[in-house]
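Novice: This is what each chain is made of:
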Amino acid sequence: MEIPGQARNDYYQSIIQYLELTLNNMDRKQFLKKTSLAGLGISMLPYSVVRPDINQAANPRIKKKVIVAGAGIAGLCCAYELMKLGHEVVVLEASGRYGGTVLSVHDGLSDGLYADFGAENFTKPGYENYWKYIDEFNLPVIPYLHRENRLTRRNEEWLTREEILNNRNEEIKNSGGFNERELRFLSDNPSSNLEHLYLDPYLENFTDEYQPFGAGYDHLDDVPISQIYEKEGASTAALEMLGGRNTSSLYKLWQTYIMKKRGYWGDFDLYRLKGGNEVLPKVFAKHLGTRIRLDCQILSIDHGEEGVTITYREFGEEKKMSADFLANCLPIPALKSLIITPDLPSEKKYIFNEITYAQTTRVIFQARSEFWKEDGLSINLTFNHPALRTIWQVADEVDTERVALMAKAPGGTNPLRTLEAFKEYYPGQKSNINIEQTLVKDWSADRFAPGCERSGFTRGNLSKFWPHLILPFGRIHFAGGYADNRSWGMEAATNSANRVAKEIDQA
Amino acid sequence: MKNRFPFITSAFIGITMFLQIYPTEEATVINTYNEYEMSESSPIVNLEIRQESDFFDWGSQVRYSINVNDETDGDSRYNEINSNEVFLEIDFVPEPVNSHDIQSVYERINGGKNLTGLILLGRSSCFGCHADKSNKIGPSFSEIAGSYTNNTANINKLVNSIQHGSAGVWGQAEMPANPDISQEEASDIAGYILKQGAQEYSRISPGLEGVIRIMDKPPDIDEGTYILTASYTSSAQKRGEDTVVLKIK
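Line by line, the protein sequences are chains S and B.
Quick note: the first sequence uses the working numbering, first residue 1, plus one each step.
Quick note: the second sequence uses the working numbering, first residue 1, plus one each step.
In case anyone wonders, no lab produced these hints; they're calculated from the structure.
So the derived label-pair ranges between C-beta atoms look like this:
1. S:T458 to B:S65: 30 to 40 Å
2. B:K249 to S:N353: 22 to 32 Å
3. B:V211 to S:D208: 30 to 40 Å
4. S:F268 to B:R108: 57 to 67 Å
One side only, chain B facing chain S, incomplete, derived with CB under 7 Å:
5. S125
6. G128
7. A177
8. V211
Since this is a predicted model, take the numbers as computed values, not measurements.
Where is the CB? At the ideal position from N, CA and C, for every residue including glycine.
Can you make the complete structure from the sequences, with help from the hints?
Specialist: Given below as structure tokens:
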């Protein structure tokens, strides 16, 4: 089916709009003036932009009806923001629960223990929009130390972090050592930050974290970042450590700029919510009440200049619902099974075909006690085993002798094989192990949320992904863990949800 | 092993036509295909497609759903059927197919297929991370077939990856070991992946419902045909099928 000319034109207008807004940093008024002067006409603009400027509080707001597709953290967050702005929202969720990949499980664990089967932690600095809600709802936060005192199994041997660093220093020495400039930098900085030495001078050209293009590096999308390190005079040892032979320079510089701007390109701390990260989706849901409708799977979307009509299945029956806008907060696999008329532009279809999600199996063990302490060990262990990548303790604030341990394995792993691998390679006395319960969540087999964080973009293709990933198409706006400039799940979800709420409010 | 899947040798064909597609006078012809010997204990598979006109447009999307009822395994309406074991095979024929020729086209498409490999795939966790023609966390069957020619040495390579897991060949994602899959079974799976992945105009998709995207119009043809076959093989190794033909122009 041909994409009607109007829909395509509108899509290109939204690209122009994006580029103009970000490049010239114009305010909204200027933009409207400019677009109408340019003869683009009112037809490309939703009716609601014709209203007076939103900053003039004396003017009445136009209340819009918005359907939010998907009650994952992005959908709930977006709906909550739209509701606060005075719009009428309804959230349609295909499954029988809300929260999506933010899933905190208590069932099957004793003494009040729990585990986050999905989104696991957030950082400080970073996660700015997420922290906004922690403050707003006064949610208790717990430092998450699962990466400290880690032991790593390599070539049948258990190594401490120091031993790994020593081994690496040995390798560095063998490949000629660092040059003087690198040594000077490393005397004040951890070796994990070495790339900053070479990338930092490039970053000042960026002005907007949502605009990778136009900073003077557009031609570097197909150049591996390793060539930049080389050009900047990195030593052989540094080149080996920094890698990046298959990473786009443009992408890497942009991503490093974002990390620097958000403050997590150096050291950052990890946190989780007390009681499980699902506390936040539950708070959103409490505020939204029955605006959230579970067991409502969206089947198709018809959209045009006047509004959006969706067909959905509720309690097994097909129904229709119309609204002014659709905030599409579905993950890409779910999006692909919707019929959208007019069809998405080829740029969106390309992205939806190319983007993949990380898919892991989470295995939870409950043990009778902190048995590893008898062996004088940390339980932050990296096994590097096909059925058990890494393990750590969760919910350690719960007042009980019992403990919950979280293990990660590739999608499709049988949890009892994870347990077997744990027992076989545990670095202490095997007879001390007192694991009494095993639970599993295999995200690769989840019908509605088959994965969490999206993969990165392939080298040389950034202009095919960006800005199309975040642009609206007509009256359909896109949010979710995939729809932001970085892929850290709950950060991307809350950022994109806030972006879409603002887009729709100001449309 | 051979006797585990008796349906392959008995090779009945279960075609029920989607009558709306054909003018009523041709319905009698189609009914002749219903004379297959479906054993009473075969699962009943029903492929449903919503259609408003005789033809589908190039580039359009078509929603489908599959219902399965099996006397032992249960009914898909009550979640009693593992949806990963229900398949839709989507075959494209670059020409209009006269209803008289459906059976021969169907046989040409389906002849010599290693269904055992597909059935084993459905019973494993493979489809969690792999798809036939599209990217998931693991490589698609077509990507695998593009890298490995279909020969014994490569099948053995893939058998090893299936049984013992694999990492680092296709990016960072790891594939778990599958110690429950035997050498012979892994070999059937690998053979199926290499053969199916190499077929550009055939796509296999697990699940009880979904959306098919009909290809954009190829420059050199005006009309084409999609042959859709839904299938389920029960735990008693009985196979049920339902085929629907879509005319495209």
